[in-house]
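Build the full structure now, drawing on both the sequences and the hints.
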Amino acid sequence: MGTQRYLVGKIGQALITLLFILTFNFFLFRILPGDPIRLLTKGAGQRLTPTEQQQLREELGVDRSVFPGQYLLYMGQTLRLDLGVSSIVAPGEEVTTVFFEKLPKTLFLVGTSTAASIAIGVILGIYGGWRRGGAMDMSSMTGSLVLYSIPEFVLGIMLLLLFSGWLGLFPSGGFESATGDLTGIDRLFDILSHAFLPWLTLTLAFIGEFYLVMRSSLLDVLGEEYISLARAKGLREKWVLRKHAVRNALLPTVTLIALSFGFVLGGAITVELVFSYPGVGLQSFEALEARDYALLQGTFLFFSVGVLVANLIADLLYAYIDPRVRTA
Amino acid sequence: MRTIRRAMATVVAIGMVAGLGLAGTAFAQDTSPSDEKISFVIGTTTGLPTVNPFRGLTAETYYVLSLQYDLMINFAKDDLSAAPGLATEWESSEDGLTWTITTRDGVTWHDGEPFTAEDIEFTFNTILENETGSFIDYFPNVESIEAVDDNTLVWTATEPTIAPVIPPWVYILPKHIWEPLGSYADMRNFANFPDTIGTGPFQLTEFVRGETWTLTKNEDYWAGAPIVDEIVVRKFNNEEAMVSALRQGEIDYISSVSVNLFNSLEGAEGITTHVGPATGFDQMSFNMCDADTTLAGYCEKNPGTGNPALRDPVVRQAISKVIDRDALVERVLGGYGEPGSTIVPPFAAQWHTPPTSDTQAYDPAGAAQMLEDAGYVDTDGDGVRETPDGEPMKFRFFLRSESDENQKSGEFIADWLTDLGIATTITVGSTDELTDIWYEHDFDLYIWGWGPDPDPDFILSTYTSGQCGVWSDTCFSDADYDELYDAQQVATSVEERQQIVGEMQDIVYDQVPEVVLFYNNTLEAYRSDRWEGLVQSPEPQGFLLGQYTPYSELTLQPLGFGGTDGGGTSGGDSGIPIGVWLGIIGGVIAIVVIVALVRRGRSEEDLA
Numbered sequence: 001m002g003t004q005r006y007l008v009g010k011i012g013q014a015l016i017t018l019l020f021i022l023t024f025n026f027f028l029f030r031i032l033p034g035d036p037i038r039l040l041t042k043g044a045g046q047r048l049t050p051t052e053q054q055q056l057r058e059e060l061g062v063d064r065s066v067f068p069g070q071y072l073l074y075m076g077q078t079l080r081l082d083l084g085v086s087s088i089v090a091p092g093e094e095v096t097t098v099f100f101e102k103l104p105k106t107l108f109l110v111g112t113s114t115a116a117s118i119a120i121g122v123i124l125g126i127y128g129g130w131r132r133g134g135a136m137d138m139s140s141m142t143g144s145l146v147l148y149s150i151p152e153f154v155l156g157i158m159l160l161l162l163f164s165g166w167l168g169l170f171p172s173g174g175f176e177s178a179t180g181d182l183t184g185i186d187r188l189f190d191i192l193s194h195a196f197l198p199w200l201t202l203t204l205a206f207i208g209e210f211y212l213v214m215r216s217s218l219l220d221v222l223g224e225e226y227i228s229l230a231r232a233k234g235l236r237e238k239w240v241l242r243k244h245a246v247r248n249a250l251l252p253t254v255t256l257i258a259l260s261f262g263f264v265l266g267g268a269i270t271v272e273l274v275f276s277y278p279g280v281g282l283q284s285f286e287a288l289e290a291r292d293y294a295l296l297q298g299t300f301l302f303f304s305v306g307v308l309v310a311n312l313i314a315d316l317l318y319a320y321i322d323p324r325v326r327t328a
Numbered sequence: 001m002r003t004i005r006r007a008m009a010t011v012v013a014i015g016m017v018a019g020l021g022l023a024g025t026a027f028a029q030d031t032s033p034s035d036e037k038i039s040f041v042i043g044t045t046t047g048l049p050t051v052n053p054f055r056g057l058t059a060e061t062y063y064v065l066s067l068q069y070d071l072m073i074n075f076a077k078d079d080l081s082a083a084p085g086l087a088t089e090w091e092s093s094e095d096g097l098t099w100t101i102t103t104r105d106g107v108t109w110h111d112g113e114p115f116t117a118e119d120i121e122f123t124f125n126t127i128l129e130n131e132t133g134s135f136i137d138y139f140p141n142v143e144s145i146e147a148v149d150d151n152t153l154v155w156t157a158t159e160p161t162i163a164p165v166i167p168p169w170v171y172i173l174p175k176h177i178w179e180p181l182g183s184y185a186d187m188r189n190f191a192n193f194p195d196t197i198g199t200g201p202f203q204l205t206e207f208v209r210g211e212t213w214t215l216t217k218n219e220d221y222w223a224g225a226p227i228v229d230e231i232v233v234r235k236f237n238n239e240e241a242m243v244s245a246l247r248q249g250e251i252d253y254i255s256s257v258s259v260n261l262f263n264s265l266e267g268a269e270g271i272t273t274h275v276g277p278a279t280g281f282d283q284m285s286f287n288m289c290d291a292d293t294t295l296a297g298y299c300e301k302n303p304g305t306g307n308p309a310l311r312d313p314v315v316r317q318a319i320s321k322v323i324d325r326d327a328l329v330e331r332v333l334g335g336y337g338e339p340g341s342t343i344v345p346p347f348a349a350q351w352h353t354p355p356t357s358d359t360q361a362y363d364p365a366g367a368a369q370m371l372e373d374a375g376y377v378d379t380d381g382d383g384v385r386e387t388p389d390g391e392p393m394k395f396r397f398f399l400r401s402e403s404d405e406n407q408k409s410g411e412f413i414a415d416w417l418t419d420l421g422i423a424t425t426i427t428v429g430s431t432d433e434l435t436d437i438w439y440e441h442d443f444d445l446y447i448w449g450w451g452p453d454p455d456p457d458f459i460l461s462t463y464t465s466g467q468c469g470v471w472s473d474t475c476f477s478d479a480d481y482d483e484l485y486d487a488q489q490v491a492t493s494v495e496e497r498q499q500i501v502g503e504m505q506d507i508v509y510d511q512v513p514e515v516v517l518f519y520n521n522t523l524e525a526y527r528s529d530r531w532e533g534l535v536q537s538p539e540p541q542g543f544l545l546g547q548y549t550p551y552s553e554l555t556l557q558p559l560g561f562g563g564t565d566g567g568g569t570s571g572g573d574s575g576i577p578i579g580v581w582l583g584i585i586g587g588v589i590a591i592v593v594i595v596a597l598v599r600r601g602r603s604e605e606d607l608a
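Sequence order for the protein chains is A and B. So the first sequence is numbered by this note's numbering: it starts at 1 and just counts up by one. So the second sequence is numbered by this note's numbering: it starts at 1 and just counts up by one.
Hints are supplied without guarantee of correctness; some may be wrong.
[Stated by the list, open to error] Using 20 Å as the maximum straight-line C-alpha spacing, the simulated SDA-like pairs for lysine to any residue come out as follows:
{"no.": "1", "chain 1": "A", "residue 1": "Lys-42", "chain 2": "B", "residue 2": "Thr-58"}
{"no.": "2", "chain 1": "B", "residue 1": "Lys-37", "chain 2": "B", "residue 2": "Gln-557"}
{"no.": "3", "chain 1": "A", "residue 1": "Lys-42", "chain 2": "B", "residue 2": "Gly-304"}
{"no.": "4", "chain 1": "A", "residue 1": "Lys-42", "chain 2": "B", "residue 2": "Asp-137"}
{"no.": "5", "chain 1": "A", "residue 1": "Lys-42", "chain 2": "B", "residue 2": "Gly-469"}
{"no.": "6", "chain 1": "B", "residue 1": "Lys-301", "chain 2": "A", "residue 2": "Gln-54"}
{"no.": "7", "chain 1": "B", "residue 1": "Lys-37", "chain 2": "A", "residue 2": "Ile-185"}
{"no.": "8", "chain 1": "A", "residue 1": "Lys-42", "chain 2": "B", "residue 2": "Pro-452"}
{"no.": "9", "chain 1": "A", "residue 1": "Lys-42", "chain 2": "B", "residue 2": "Val-470"}
{"no.": "10", "chain 1": "A", "residue 1": "Lys-42", "chain 2": "B", "residue 2": "Gly-429"}
{"no.": "11", "chain 1": "A", "residue 1": "Lys-243", "chain 2": "A", "residue 2": "Ser-228"}
{"no.": "12", "chain 1": "A", "residue 1": "Lys-42", "chain 2": "B", "residue 2": "Trp-471"}
{"no.": "13", "chain 1": "A", "residue 1": "Lys-42", "chain 2": "B", "residue 2": "Gly-280"}
{"no.": "14", "chain 1": "B", "residue 1": "Lys-408", "chain 2": "B", "residue 2": "Asp-324"}
{"no.": "15", "chain 1": "A", "residue 1": "Lys-42", "chain 2": "B", "residue 2": "Thr-427"}
{"no.": "16", "chain 1": "A", "residue 1": "Lys-42", "chain 2": "B", "residue 2": "Glu-60"}
{"no.": "17", "chain 1": "B", "residue 1": "Lys-394", "chain 2": "B", "residue 2": "Gly-304"}
{"no.": "18", "chain 1": "B", "residue 1": "Lys-408", "chain 2": "B", "residue 2": "Pro-339"}
{"no.": "19", "chain 1": "B", "residue 1": "Lys-394", "chain 2": "B", "residue 2": "Asp-290"}
{"no.": "20", "chain 1": "A", "residue 1": "Lys-243", "chain 2": "A", "residue 2": "Tyr-127"}
{"no.": "21", "chain 1": "B", "residue 1": "Lys-408", "chain 2": "B", "residue 2": "Tyr-362"}
{"no.": "22", "chain 1": "A", "residue 1": "Lys-10", "chain 2": "A", "residue 2": "Ala-314"}
{"no.": "23", "chain 1": "A", "residue 1": "Lys-42", "chain 2": "B", "residue 2": "Asp-442"}
{"no.": "24", "chain 1": "A", "residue 1": "Lys-42", "chain 2": "B", "residue 2": "Ser-465"}
{"no.": "25", "chain 1": "B", "residue 1": "Lys-394", "chain 2": "B", "residue 2": "Pro-364"}
{"no.": "26", "chain 1": "A", "residue 1": "Lys-42", "chain 2": "B", "residue 2": "Ser-430"}
{"no.": "27", "chain 1": "B", "residue 1": "Lys-394", "chain 2": "B", "residue 2": "Val-384"}
{"no.": "28", "chain 1": "A", "residue 1": "Lys-42", "chain 2": "B", "residue 2": "Thr-431"}
{"no.": "29", "chain 1": "B", "residue 1": "Lys-175", "chain 2": "B", "residue 2": "Gly-106"}
{"no.": "30", "chain 1": "A", "residue 1": "Lys-42", "chain 2": "B", "residue 2": "Ile-136"}
{"no.": "31", "chain 1": "B", "residue 1": "Lys-37", "chain 2": "A", "residue 2": "Thr-183"}
{"no.": "32", "chain 1": "B", "residue 1": "Lys-301", "chain 2": "A", "residue 2": "Pro-50"}
{"no.": "33", "chain 1": "A", "residue 1": "Lys-42", "chain 2": "B", "residue 2": "Gly-466"}
{"no.": "34", "chain 1": "A", "residue 1": "Lys-42", "chain 2": "B", "residue 2": "Glu-402"}
{"no.": "35", "chain 1": "A", "residue 1": "Lys-42", "chain 2": "B", "residue 2": "Tyr-439"}
These are computed hints drawn from the structure, not numbers from a lab.
Below is the structure:
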């Protein structure tokens with residue numbers, strides 16, 4: 001019973017949050033200066049007659065008042081799972097199609113880099129917590145704090161200048177070489193060499209987060225009485241660490257990991273921008289520039305759903321691995 | 001459990017071995033000679049949203065369309081006058097009302113269907129019936145456009161006209177593809193990809209949204225097949241990345257480069273820079289939206305907040321006279337431009353008429369005197385003049401954050417205005433913000449730019465009264481000007497039209513609704529260590545690529561083409577750098593370590 005109520009409660013919360021997000025996203029983008037039609041004509045130099053402008057306004061629904069007209073239209077469509085069509089970035093294409101077209105590229109980049117950050121951060125964190133104050137701990141602590149505090153895009157630009165601009169080891173951006181005449185293995189390596197610098201940027205930037213959480217949580221656990229007991233039983237130190245300390249210390253990290261995967265969908269707008277990496281992040285930036293409201297709303301809805309689902313999974317996972325949460 | 005662990009370990013091991021194996025193959029292949037297709041890669045920073053000509057068009061869309069389709073009458077390579085395109089001959093009746101146009105025989109669409117005069121008839125009539133904004137200006141006073149047989153098109157106008165040979169910048173679409181779509185709304189929503197069918201030297205064959213457009217050569221092109229196999233247009237998000245890609249040889253050509261980056265490329269190994277023509281201009285606009293004087297009535301409903309002092313031509317003239325155009329060209333454009341004067345750039349040599357008066361000639365002392373004489377005097381000694389009504393001369397001045405040139409010009413001008421006794425408050429905003437400010441007429445001064453056609457009709461139209469609230473920067477309104485605009489559309493000879501267009505330039509120059517600051521050159525750069533055969537159009541100073549009718553794309557070829565070296569951009573150029581290997585190996589090691597840890601942990605547990 002308790003588990004079920006917990007589950008229903010969490011899902012209910014998520015749905016309410018989603019409704020709030022829908023509304024928030026809608027108004028957020030409309031507060032921005034600039035009207036999509038004016039940006040097309042005066043801004044981008046497209047020659048539309050006043051009649052054409054009016055037609056386009058009607059097509060995009062921006063001839064209605066923002067509230068309640070456009071808002072109700074948007075909420076109605078969204079609740080019917082119709083995210084509309086992109087107006088400017090991909091004129092006439094379904095938002096869902098446009099979004100999922102770019103999603104694999106982002107998942108590939110952000111997914112693998114998140115996994116790498118987790119692996120490296122957690123391992124360093126365990127080591128640091130266990131050998132607290134040692135040379136390894138001090139250097140990973142300094143290193144990860146520095147990387148963690150540098151904004152991703154600054155780190156990205158530094159790596160870009162160094163490895164691409166100066167050393168010329170990597171291409172400066174894009175998903176693959178433009179000529180498109182590579183196949184099979186060659187193409188795979190071409191893609192990897194394009195993804196490497198943004199991947200490295202993201203990996204380095206997020207190691208610190210996992211390192212710090214893992215380390216401090218391990219330190220907490222190591223101070224617990226049952227660790228003393230385990231040691232008193234005469235168990236080997238490594239055994240104490242693995243069996244008793246790390247397992248319990250992983251709890252907060254698991255939450256963090258689940259949450260991080262929620263952000264994979266949202267990708268890394270800034271890093272994608274720096275490296276011209278054509279994922280959903282970059283596309284959302286283009287949509288923002290062009291005031292492609294439908295695509296913006298759709299994209300941010302997917303981003304939010306990603307985070308919400310990850311949150312939900314974190315909650316559920318937590319309840320599963322730590323019985324105290326369920327009963328509390 | 002144990003089986004699973006074994007399986008995992010095996011997978012990791014296989015992964016590592018495979019990775020190393022692949023490394024060997026990749027390096028081995030790097031050294032093999034490239035006999036791939038010849039690809040020319042163009043960098044761009046503007047979007048590539050659609051190839052449907054009935055949708056609004058950006059510069060990049062125009063570029064792709066210009067290779068994909070043909071015009072009825074081309075722009076000549078040297079002077080952009082009428083040259084044979086899909087039409088081979090044309091002649092006008094004595095009264096100038098009827099044009100008979102003969103179309104080319106033996107041209108086929110990319111899908112093999114024959115091209116006929118009916119395709120032109122269909123394209124032009126669709127535009128006329130639906131008033132397509134991008135093209136409608138090319139068809140003044142048309143009564144009918146009809147294909148009388150497969151090779152003859154008859155264009156009839158209600159007033160004498162030279163419109164057919166200006167020529168209309170309209171891409172001819174295949175009737176057999178577009179007509180079955182049904183209504184104009186359906187045509188507008190047509191993706192036009194895949195199977196983009198045109199008659200042009202290239203066909204769009206691949207389109208990765210927001211990334212690349214690939215155009216493949218048309219072996220059967222009527223003017224002869226291009227040498228390169230494909231042209232790829234690749235999108236970058238910022239100019240710096242694009243320039244760096246050119247340096248590294250990832251791309252072969254870039255255009256519209258800003259002055260600083262262009263200078264940084266000069267003398268770079270393997271790269272040739274080219275100063276193209278000055279087709280566009282930057283202008284400083286005055287808010288003239290005035291409920292009482294604007295003809296079209298727009299400003300009665302939307303008066304905006306413009307400072308009334310700017311409605312006095314003396315004030316505008318004085319402001320223009322303190323702007324040192326030569327200094328701007330030198331210090332803002334680094335010399336890559338010409339000082340501004342009239343609204344038709346000298347690039348359009350046939351239509352540009354140098355000013356006949358010295359209304360806007362540089363003369364700071366004269367400007368101060370003009371203001372004194374008109375009663376704009378600093379009465380309270382704060383260094384800022386007051387209007388005859390006692391209001392201080394303070395103007396809001398908007399500059400675009402996207403344009404370095406805008407901001408630099410603005411700062412110079414603000415200084416010169418301070419010397420004249422006029423205060424300005426500069427706001428630097430994004431294009432987005434500025435479009436709103438412009439639309440609401442919520443400004444006094446702003447700087448923006450225009451990139452006109454070789455034909456002056458469109459740029460001239462933006463100064464007519466009816467354009468207030470549509471295209472007009474300033475809501476300038478002048479009855480004589482409006483009449484002349486209509487008159488130039490029905491001029492029956494080039495000389496007559498030149499005369500009228502000249503008068504129109506004079507009116508705008510003398511009334512100063514805007515100050516044309518400079519005409520800026522289009523700056524281009526390409527990999528001359530790999531390519532040759534780029535030609536200029538128009539001549540003598542033209543574009544290398546992005547020409548009104550594409551010529552370079554037909555002659556472009558790898559350096560020493562036909563010799564031993566195939567040349568061209570091969571995708572393998574970037575190689576597989578050592579860093580990738582470090583990355584991959586690092587990743588694999590991390591996984592192995594994790595697996596090992598888990599295994600060891602578990603096995604101890606099993607033992608315990």
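Taking the hints in turn, this is what the structure says about them:
1. A C-alpha spacing of about 12 Å is found between Lys-42 of chain A and Thr-58 of chain B, which places the hinted pair at or below 20 Å, so the restraint holds.
2. For the given pair, Lys-37 of chain B sits about 12 Å from Gln-557 of chain B by alpha-carbon distance, which is consistent with the 20 Å threshold.
3. A threshold of 20 Å between alpha carbons decides the hint, and for Lys-42 of chain A with Gly-304 of chain B the separation of about 18 Å falls inside it, so the pair holds.
4. Between the alpha carbons of Lys-42 of chain A and Asp-137 of chain B the distance comes to roughly 17 Å, so the proposed pair stays at or under 20 Å and holds.
5. For the hint pairing Lys-42 of chain A with Gly-469 of chain B, the CA-to-CA distance comes to about 11 Å; that is within 20 Å, so the pair holds.
6. The hinted pair formed by Lys-301 of chain B and Gln-54 of chain A meets the criterion: a straight-line CA distance of about 18 Å does not exceed 20 Å.
7. Among the hinted pairs, Lys-37 of chain B with Ile-185 of chain A is consistent with the structure: their alpha-carbon atoms are about 19 Å apart, no more than 20 Å.
8. A C-alpha spacing of about 13 Å is found between Lys-42 of chain A and Pro-452 of chain B, which places the hinted pair at or below 20 Å, so the restraint holds.
9. Restraint check: the Cα-Cα separation between Lys-42 of chain A and Val-470 of chain B comes to about 9 Å, which is no more than 20 Å; the hinted pair holds.
10. Among the hinted pairs, Lys-42 of chain A with Gly-429 of chain B is consistent with the structure: their alpha-carbon atoms are about 15 Å apart, no more than 20 Å.
11. Annotation: proposed proximity of Lys-243 of chain A to Ser-228 of chain A holds, straight-line Cα distance about 13 Å (limit 20 Å).
12. Proposed proximity of Lys-42 of chain A and Trp-471 of chain B is supported: the alpha carbons are some 7 Å apart, at most 20 Å.
13. In summary, the hint linking Lys-42 of chain A to Gly-280 of chain B is supported, as the alpha carbons are separated by about 15 Å, within the 20 Å threshold.
14. Distance hint between Lys-408 of chain B and Asp-324 of chain B is fulfilled; the C-alpha atoms sit about 13 Å from each other, no more than 20 Å.
15. At roughly 19 Å between alpha-carbon atoms, Lys-42 of chain A and Thr-427 of chain B fall within 20 Å of each other, so this suggested pair holds.
16. As the CA atoms of Lys-42 of chain A and Glu-60 of chain B are separated by approximately 17 Å, the hinted pair is consistent with the 20 Å bound.
17. Between Lys-394 of chain B and Gly-304 of chain B the CA atoms are separated by roughly 17 Å; this keeps the pair inside 20 Å, and the hint holds.
18. A hinted pair counts as satisfied when its Cα atoms are at most 20 Å apart, and Lys-408 of chain B with Pro-339 of chain B qualifies at roughly 15 Å.
19. Restraint check: the Cα-Cα separation between Lys-394 of chain B and Asp-290 of chain B comes to about 18 Å, which is no more than 20 Å; the hinted pair holds.
20. For the suggested pair Lys-243 of chain A and Tyr-127 of chain A, the alpha carbons sit about 15 Å apart, so the restraint of at most 20 Å is met.
21. Restraint check for Lys-408 of chain B and Tyr-362 of chain B: the C-alpha separation of about 19 Å stays at or below 20 Å, so the hint holds.
22. At roughly 11 Å between alpha-carbon atoms, Lys-10 of chain A and Ala-314 of chain A fall within 20 Å of each other, so this suggested pair holds.
23. A distance of roughly 15 Å separates the Cα atoms of Lys-42 of chain A and Asp-442 of chain B; the hinted pair therefore holds under the 20 Å criterion.
24. With a CA separation close to 17 Å, the supplied pair Lys-42 of chain A and Ser-465 of chain B stays within the 20 Å bound.
25. Taking the CA atoms of Lys-394 of chain B and Pro-364 of chain B, the gap is about 18 Å. The hint holds against a cut of 20 Å.
26. A C-alpha spacing of about 13 Å is found between Lys-42 of chain A and Ser-430 of chain B, which places the hinted pair at or below 20 Å, so the restraint holds.
27. Between Lys-394 of chain B and Val-384 of chain B the CA atoms are separated by roughly 8 Å; this keeps the pair inside 20 Å, and the hint holds.
28. The suggested pairing of Lys-42 of chain A with Thr-431 of chain B holds, with an alpha-carbon distance near 9 Å, which does not exceed 20 Å.
29. Between Lys-175 of chain B and Gly-106 of chain B the alpha-carbon distance is near 17 Å, which keeps this suggested pair within the 20 Å criterion.
30. For a cut-off of 20 Å, the pair hint linking Lys-42 of chain A to Ile-136 of chain B stands: about 18 Å separates their Cα positions.
31. Between Lys-37 of chain B and Thr-183 of chain A the alpha-carbon distance is near 13 Å, which keeps this suggested pair within the 20 Å criterion.
32. Note on Lys-301 of chain B and Pro-50 of chain A: the hinted pairing holds, with a Cα-Cα distance of about 17 Å set against a maximum of 20 Å.
33. As the CA atoms of Lys-42 of chain A and Gly-466 of chain B are separated by approximately 16 Å, the hinted pair is consistent with the 20 Å bound.
34. Only pairs whose Cα atoms come within 20 Å are accepted, and Lys-42 of chain A paired with Glu-402 of chain B is accepted, the gap being roughly 14 Å.
35. The suggested pairing of Lys-42 of chain A with Tyr-439 of chain B holds, with an alpha-carbon distance near 9 Å, which does not exceed 20 Å.
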